[in-house]
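**Q** Each chain, letter by letter, is given below.
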Amino acid sequence: MLARSVKVELPRRVVAFYLLCSLVALLWLVASAVSVTKSMIAHHAEDELISYLRHAAAQTTIDLAVNGDVNLQSLVERFARERQLLFCGFVGGDHTYVAHSLKRRVGQPHRIDNGITTRHDEIELVRYSSGSLRIREYRTPIQIDELAGRLIVARAEPSVDETLEVTSRHAFVVLCGPPLIVALCGFTLYRLVSPMAAVDSQLRQAALAPTLADVELSPINSRSPSVLGWNRIVHNFPHESTPTALGQRLSDAVQSLRQTKSDDVLNSLTDGVAVSDQDGTITFANQSMAAMFASGSQPDSLCGKDVASCLGLDAEEEVRSALFDPDLFARHVVEELERGADEAKQFLRIARTPIRAADGAGSPGHVWTVRDVTQQKLADAMRDEFLDNATHELRTPLANIKAYAETLSMGDSLDVESQKEFCNTINSEATRLARFIDDLLSVSSMEAGSLTLNKQGVDLERIFSEVIGKVKPQMDQKRLKFETIFPAKYPQARLDKDKINVALVNLLGNAAKYTPEAGRVRFEVKITNSEIRIEVEDSGVGISEEELPRIYDKFFRSSNPLVQEVTGTGLGLSMAHEVIKLHGGAMTVQSQLGEGTTFITTLPLE
Amino acid sequence: MSNADKHILVAEDNAALASVVRFNLERAGFRVTVAHNGRAAWEAVQEEAFDLIVTDQQMPEMTGCEFCEKLRAVDEFRHLPVIMLTAKGMELELPRLKAELGIAATFLKPFSPREIVKAVEDHLEAVRELVSP
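First to last, the protein sequences are chains A and B. First residue of the first sequence? That's 12 in this note's numbering, and the numbers climb one at a time after it. First residue of the second sequence? That's 2 in this note's numbering, and the numbers climb one at a time after it.
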């Protein structure tokens with residue numbers, strides 16, 4: 012047989028109550044023992060009285076035998092006094108009292124009519140009633156010579172009423188005490204245990220239920236701390252019957268956490284994202300979407316609206332029919348939308364992707380992503396233009412070189428002068444080609460951020476005269492008035508000679524290129540204590556105010572038709588600006604459209 | 002009829018290239034006039050009669066194509082042979098140019114001057130055959 016011992020940890024109150032009950036029981040036992048002892052003592056008192064009677068009889072006999080005559084009266088009176096007897100007497104042979112503790116009874120007959128007699132050896136016990144008293148009378152015979160008689164002692168028994176009363180008093184304590192204590196204990200125990208039993212029964216129910224969702228917990232009406240704690244738990248436990256339970260609440264919380272996270276991610280995207288249902292009604296839109304199509308108001312304001320009108324497709328028949336072609340609803344579709352005009356022109360790439368239903372049946376809607384590709388478009392356009400220009404810039408000198416070389420090669424009819432001229436042309440075209448290739452390489456270094464300076468002590472005067480030498484032919488070709496103003500003396504300077512040379516040639520080359528024939532170009536160098544200040548002023552086409560901020564952008568070329576008709580790569584100014592910046596200098600520009608432009612370059616003197 | 006009777010217009014903004022084309026055509030015996038942009042070329046055809054035009058596509062003021070369109074709009078010049086020099090990557094557009102503008106031949110830069118001269122001679126020969134079989 013296996014016995015499993017369970018260690019139960021009882022609440023302190025229960026233990027305290029148990030100890031209290033035990034104490035009461037102990038006290039009860041003590042009280043009972045006292046009571047029993049008391050009755051035993053009473054019994055013993057009777058035995059003692061009997062033995063006292065024997066002793067008294069013996070003494071009386073001895074007294075009679077020794078003294079012959081003896082004062083019986085004083086003897087009985089002493090006996091009565093000593094034992095607090097009802098009375099004591101001596102009955103002679105004639106059945107009259109010879110002596111009696113109550114003197115008036117001396118001489119009266121000893122008579123008992125209605126007594127119950129029992130015997131203890133020679134002692135006779137007679138119980139009888141006299142009036143309201145119950146009397147116990149003990150008699151013992153005394154026989155000496157002719158004198159014979161009986162010594163009698165009597166004691167009053169308690170009256171019936173008195174006995175009943177005493178008995179009833181004891182009966183209450185004896186009979187009612189234990190049930191009372193049991194009832195009290197039971198009640199208190201019930202009060203203590205019943206709330207815990209309620210908790211216990213609900214926990215059992217929870218243990219037996221198949222899922223937590225099926226458990227229904229209810230608060231308990233009690234003020235004990237454990238129950239108050241239980242009630243708090245129950246309070247936070249869902250009470251709805253569908254779909255209740257902690258599990259559901261937990262999964263809801265996790266779901267909402269996930270939702271918040273993915274919302275944050277979606278709102279951080281720079282692309283506009285929206286979700287539409289089957290009817291094309293928006294059910295979700297992120298912040299970027301709102302910024303693009305709801306002038307920055309809350310994304311929720313887009314919800315419930317028609318996706319086509321939100322995207323501004325109402326007037327864009329072509330794009331709309333492509334995006335809303337029912338045959339393509341299950342496919343990924345990308346379209347480009349152009350909106351706005353001039354400066355505010357935007358290119359938006361709209362992609363529509365069907366949402367795949369979890370069960371694979373049909374599509375519950377679409378995800379729309381909108382990307383602003385304006386910058387990309389502009390960059391592409393600039394690059395295309397650059398490629399066109401670059402191709403032209405490469406092919407033109409190449410075409411010249413090839414044409415002249417071929418002409419020379421069949422040159423039996425060429426005079427020496429022509430041959431020399433042709434060779435010079437080939438040479439200058441090759442130089443032009445080489446310079447353009449250098450520019451391209453510089454640009455690619457700039458793109459890679461690896462344009463580095465090779466600074467060295469330079470002769471400024473020589474640099475400027477080299478630059479003038481390079482641009483002079485261009486000026487002369489267009490019959491420009493080229494004015495140069497130089498300081499009398501130059502300080503020592505540390506610069507990257509070649510790059511500064513390129514930058515200045517570009518600046519002056521632009522002045523020459525974009526100034527109409529017979530115009531004017533001024534090149535002035537000033538030296539101050541801390542810097543070299545170079546001004547390039549022309550009376551050319553000028554730059555519009557809108558285009559001024561972009562003139563240093565790579566590949567940028569003015570949309571001015573007067574500029575467009577001149578070939579160029581949009582690299583020269585960008586490169587010059589970069590070189591000056593790398594030297595720690597600055598470039599500022601003042602320009603008036605149709606009037607002319609002045610570039611002011613400053614280079615620090617170290 | 003010799004080449005010397007033939008008057009060729011060369012429209013080309015790059016002076017060096019114009020002069021080398023002119024040199025080669027003159028060496029072949031043609032009479033050559035050079036215009037440095039599209040508008041100058043248009044003005045030239047108003048003033049003088051040409052048997053063939055060699056024009057660059059990319060020119061300031063007026064492009065080669067624009068110049069051609071203007072020519073074709075006038076009955077007098079509708080059948081004037083035009084040879085076009087292109088520098089840009091216009092290869093894809095060449096068939097369209099030939100069909101719409103009646104360009105006789107195109108040359109991508111860099112080209113061979115000898116081939117230009119040959120093309121000029123071939124087209125003048127073809128015209129001659131058409132006119133007097």
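Hint data in this document are derived by calculation from the structure and do not stem from the laboratory. Please note that a few of the clues may not be correct.
[To be verified] Dumping the calculated DSSO-like pairs for lysine-lysine here, alpha-carbon to alpha-carbon at most 27 Å:
no.: 1; chain 1: A; residue 1: 431; chain 2: B; residue 2: 119
no.: 2; chain 1: B; residue 1: 119; chain 2: A; residue 2: 413
no.: 3; chain 1: A; residue 1: 356; chain 2: A; residue 2: 316
The structure displayed is predicted, hence computed values, not measured ones.
**Q** Give a verdict on every hint.
**A** Checked hints:
no. : hint            : result
1   : 431(A) x 119(B) : holds, 26 Å
2   : 119(B) x 413(A) : holds, 17 Å
3   : 356(A) x 316(A) : holds, 25 Å
The structure agrees with every numbered hint stated previously.
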